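Here the protein sequences line up with chains A and B, keeping their order.
Our numbering puts the first residue of the first sequence at 130, with every later residue one more than the last.
Our numbering puts the first residue of the second sequence at 2, with every later residue one more than the last.
Some hints here could point you the wrong way.
[Stated by the list, open to error] In silico EDC-like pairs for lysine to aspartate or glutamate, Cα to Cα no more than 16 Å straight-line:
#1 K200(A) <-> D155(A)
#2 K101(B) <-> D185(A)
#3 K68(B) <-> E6(B)
#4 K101(B) <-> D167(A)
#5 K43(B) <-> E6(B)
#6 K143(A) <-> D185(A)
#7 K68(B) <-> E16(B)
#8 K68(B) <-> D56(B)
#9 K43(B) <-> D167(A)
Just so you know, these hints were derived from the structure itself, not from any lab.
Just so it is clear, the structure is predicted and the values come from calculations on it, not from any experiment.
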Amino acid sequence: NAGVTQTPKFQVLKTGQSMTLQCAQDMNHNSMYWYRQDPGMGLRLIYYSASEGTTDKGEVPNGYNVSRLNKREFSLRLESAAPSQTSVYFCASTHKVSNYGYTFGSGTRLTVV
Amino acid sequence: QKEVEQNSGPLSVPEGAIASLNCTYSDRGSQSFFWYRQYSGKSPELIMFIYSNGDKEDGRFTAQLNKASQYVSLLIRDSQPSDSATYLCAVNLLGGATNKLIFGTGTLLAVQP
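The task is simple: from the sequences and hints, build the whole structure.
Now the structure itself:
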């Protein structure tokens, strides 16, 4: 099915370990985003990429890095995981025009112990 | 003050009733407004967007926008138990060439059979 594909769906890390969350879209969207969702906090923007070759910080970028590998793929890396990064992570994409909403991936549930 | 505010609920309505979900936003220059539905454990899915003052109807859903009052609402007519979910309001902030959405924390809707 067309859309946004995230891998993995679930992950448990030990404090200090690193990992990369993968995201790919096949809708020819220009812009891609990483959000985290925590109870009572809503969706908070970590990083985004307005177009291929550009990335920018969002509201909560500390502890994360991103790579826009090509137009389809946008990855999120945790270099040294901390328990505070336990969350559900969503990747999303859209056309650049402001009147279009996002299409979200199915999410990655990450637990850091 | 949060940029996008919603009552967390739960909002409980009987089956067949009208559910009214409300959202206020702080950035007067905001241009586009979105409603997402999120079932427990799932990713958000776009159900409506609106960018002009007034009402926009799509099936059982009506979005209402009042930019002067910085207020956007979602009405769900003939509510069904399958409408039970968290509804997220999102606002596209002015000032970027990119489509960057700020989300509220969501309102939990419970439709009682």
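Each hint, compared with the structure:
1. Distance restraint check for K200(A) and D155(A): the Cα-Cα separation of roughly 9 Å lies within the 16 Å cut-off, and the hinted pair is therefore satisfied.
2. Simply put, K101(B) and D185(A) have alpha-carbon atoms about 11 Å apart, close enough for the 16 Å limit, and the pair holds.
3. A distance of roughly 15 Å separates the Cα atoms of K68(B) and E6(B); the hinted pair therefore holds under the 16 Å criterion.
4. For the suggested pair K101(B) and D167(A), the alpha carbons sit about 19 Å apart, so the restraint of at most 16 Å is broken.
5. The straight-line distance between the Cα atoms of K43(B) and E6(B) is roughly 22 Å, outside the 16 Å bound, and the hint therefore fails.
6. Distance hint between K143(A) and D185(A) is unfulfilled; the C-alpha atoms sit about 28 Å from each other, more than 16 Å.
7. With a C-alpha separation of about 31 Å, the suggested pairing of K68(B) with E16(B) is violated against the 16 Å cut-off.
8. Between K68(B) and D56(B) the alpha-carbon distance is near 12 Å, which keeps this suggested pair within the 16 Å criterion.
9. Restraint check for K43(B) and D167(A): the C-alpha separation of about 13 Å stays at or below 16 Å, so the hint holds.
Comparing the model with each numbered hint stated earlier shows that hints 4, 5, 6, 7 do not hold.
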